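2 protein chains.
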Amino acid sequence: MTWDDERVARAALTAVVEPGDTAMAGRLKDLTAQDLWYHLLADTDERWHERATKTDVDQMIARAEKATLRFLIPTDEEWPLRLHDLSWIERSGLGGAPIGLWVRGPARLQEASERSVAIVGCRAATSYGQDVAMEMAHHLARGHRDGTGRHVIVSGGAFGIDVAAHRGALSANETTIGVLACGLDVLYPKGNVPVLERIAQTGALVSEISPGRHPTRPGFLARNRLIAALTTGTVIVEAGWRSGAINTVSWAHELGRVVMAVPGPVTSSRSTGTNKLIRDGEAILVRDAEDVRGIVGELAPEPERPDGHSLPTDVLDATELAVHEALPAHGSSGLDELSASAGVPVAQCSAALTVLEQLGLAACCLDGTWSVSIAGDGRRG
Amino acid sequence: MTWDDERVARAALTAVVEPGDTAMAGRLKDLTAQDLWYHLLADTDERWHERATKTDVDQMIARAEKATLRFLIPTDEEWPLRLHDLSWIERSGLGGAPIGLWVRGPARLQEASERSVAIVGCRAATSYGQDVAMEMAHHLARGHRDGTGRHVIVSGGAFGIDVAAHRGALSANETTIGVLACGLDVLYPKGNVPVLERIAQTGALVSEISPGRHPTRPGFLARNRLIAALTTGTVIVEAGWRSGAINTVSWAHELGRVVMAVPGPVTSSRSTGTNKLIRDGEAILVRDAEDVRGIVGELAPEPERPDGHSLPTDVLDATELAVHEALPAHGSSGLDELSASAGVPVAQCSAALTVLEQLGLAACCLDGTWSVSIAGDGRRG
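Just so you know, the sequences run in chain order A and B.
Using the working numbering, the first residue of the first sequence is number 106, and each one after it goes up by one.
Using the working numbering, the first residue of the second sequence is number 106, and each one after it goes up by one.
Only chain A is shown next, with the shape it has when bound in the complex (with noise of 0.2 Å):
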C-alpha cells in the first residue's frame, strides 16, 4: 500500500465526512478525491469546509500507522467488490459506497466478503440468543470435516449477539471480521476491546471513519449497511422490533443480500423482531449452520488463508486435534505422556496418532515416542 495523492486524499475525506454521507459519495463518481479534498478546503460553503481546515492529514495517517491500519480504496485489489452494489442505495440520507476503509488485521477483505455471512441481534440478547449465535457462527466458520463449507463471520463488535458469533467464529480459530462505527484505535464499546483485539489478531477490524474518531448514532446506522453490503446475506438471531439489527436488514433488502432469522418464544420480546420478519415473509427462517449453508451456498473454491494457506488439521475431529495439540513443539513424547495430556484414552490416542502420521502431522521416532512431523508443523502459533 503507498501513500500516493488519491489514498492521502481519500483518508483525509473519512476524517472529515459523516459515514454514509451519499453527497460525498456520488461527488466521488465525477471528481478525483483530492479534487474535492481541494473544494473542502477552499470553499468555505462546503459543508466539511470547517472540519477538513482543521485536519491535520499527516498527523491522521502516523496515527494509523502506529495503530498498523491499513487504509483500502476502490481500486485497490483488496476492495471488496461487493461494496460497489451500494453505490446507487440511499436510504434515510445514508447510503454509498464507503469512501475509503480502514482496515486492522491479516484477513483479506475481498477474499472473506465473497464467503462471509453477518450474524447480528439486539445487544440486550438473552442466554438463549447468545447460544445460538455463537454455536451457528462456530459451525459457519468451521465447515465441514473436509474443508468445504466455511465461511468468514462478519458483525458489528457490539455486546450481545453481535460478540456471541465473533466468539463463535474465534472459537472455531476461523476468520471473523467486525465493521465499527469508531477509530481503530478507539474501540468500542469498551467492554468488548479484548474480543475486538483478538479479531484484529486473526481476522480484520474494518471501519469507514478514521483513527480517533468517536462513534455517532447516525454512524451505527451506516455501518450496518457496511455490514450488509460485505456480505452474502444477513442472519438475524434475535432483536426486538426496533432493534438496530433490524436496520441492517433493510440494508440487505435494498442491496439484494438474503436475510435470515432464527426464531424465537413468541412471548420474548428479544424474538419480536426474528418471529415478524419471518412471519411477513421478509426473512428466512434458520434453525443453525446448516440451514444458512443451505441458503447461502456452500461457496466454492474453498477460500484462502490470511498467510495463503489452508491449515491440515481442518480435516481433524476433536480427539485427533486433541492428541495434536499435546504434542510438544520440540522432542517428542511418549504415548502413554501424550494420552494425559490430551485427556483422552490410550487405545484412542494411539488410533488418532495413526491417523495424524498419515496426514504427515505427527512422526513416530525410533523410540517409539511421538513428535510433529518433521514435514512441517500444521499448528497455529
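Hints are computed from structural coordinates only; laboratory data are not their basis.
Be aware that a few hints might be false.
Same chains, same label: a pair holds when it works inside one copy or across any pair of copies.
To be verified - Derived SDA-like pairs (lysine to any residue); straight-line CA-CA distance at most 20 Å: (1) Lys381 - Glu240; (2) Lys134 - Ile178; (3) Lys381 - Tyr233; (4) Lys381 - Ala167.
Predicted model, so just to flag it, every value in this text is computed and none were measured.
With chain A's structure known, arrange chain B on it following the hints.
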C-alpha cells in the same frame, strides 16, 4: 333425532368398523348402510363379519342414550359440511368421511365447524407451549370486544397442547370441541376427564367410534383427519418432528386447509416440528390469536350460541365484567360493597354500573343499591 333404519345401521357400523376404513366409506357411496350392515352380517368373507355378528346394536344404542350421546349421519342438518372434503382423501390406508359421528354436548357441529380453528401439539409440551396454546385459544375463542372474530377451538383432548387449548377456550366461557379417538362414555386420557366433562357441558365431544370402544393407534391417526377436516385451519403450537400433531398437518394440507405454526427456540426439541414446518414453507408462522385471525379471516357472521343467543356481557370490558360478576344473584348490593367485592375502585365501579344499566344488565333500586337487571340475567350459570 330419530333412530330410523339408516341411522341404526350406521351406528352399528361405527361399533365394528375401524375408523378411517376407506373401503367401508367407499361402499357407502353406493350402498345404504342397512345393505352394508346386512352384508357384514350375512357374508362370512366380510372383514368385519365376526365383529358384526357379536354386536348387540340395541344395547349399544341404549348405552349411548344413557350417556346422553346423539348420533349424527351425513343427511342431518347438523352434519358438518366440511367433512365431505374427506370423501376422496386417503393416506396410508386411512381416509374417507366418517360413517357417523357420536356427539355429546350442546354445540351444533355444522355451525361450530364453520368458524373453527384447530389448535394441536405434542403431549409432552413445555410450559412455553402450554402458555401460548392457552392464551391463543382464549383470545381466539373470546373474539373482539364488539363480538366479532370469535372462533371455536377444536382439539384432540390429549395431554399437553391439546388440553391447554381446550382450557383456554373454556376460560373464555366459549365453545370448544374435543375430537376423541375413544367412545364418548369411556373418556381417554383419564387425567383429562374433568376437562373433557366441562367441554361436554358447554361445547361438544365428538367421536366416530361407538360408546364403549377404547382408542387404538390407527384410531388416533384417523381422528387427526377429523380435526383437520372440521376446521378452517390448524395451528401447531409445539411439536417434535415425529409428533402426532405433524400427522394432523398432513391431513390439513391434503384437505387444502391452512396450516399455521408457532415458532419456538431452535434449541427446544419440542419446537423442531413447528420450526421445520415454517422453514419448509409448510406452515405460516403465527404468534398469537390476531395472527391466526388474519389468516383464517374474521369469519362473519357471528355464530349462534348453543342456546341460540349471544350474551350481552360479551361487549363488557374487564372492569365492567368484574362489577357485573359482583352483582348478587338475588337481592341487591350497595356501591361500596360492589366496589369491594369486584376489587374495583368506587369511581370506576360507579361508571361501570352506569354502563351495565344502559345495557340492561344492572338495575338501580329505589334505595340506591344495585341488582342484576330484571330484564334478564345475562350471566352464565
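Against the structure, the hints:
1. For a Cα distance limit of 20 Å, the shortest separation of Lys381 from Glu240 across copies, 19 Å, qualifies, whereas the shortest one inside one copy, 23 Å, does not.
2. Taking the closest pair of Cα atoms, Lys134 and Ile178 come within 20 Å of each other only inside a single copy of the chain (13 Å); across copies the shortest separation is 77 Å, beyond that limit.
3. In this assembly of identical chains, the alpha carbons of Lys381 and Tyr233 lie at most 20 Å apart whether taken from the same copy (18 Å) or from different copies (18 Å).
4. Neither within a single protomer nor between protomers do Lys381 and Ala167 lie at most 20 Å apart by alpha-carbon distance, with minima of 47 Å and 54 Å respectively.
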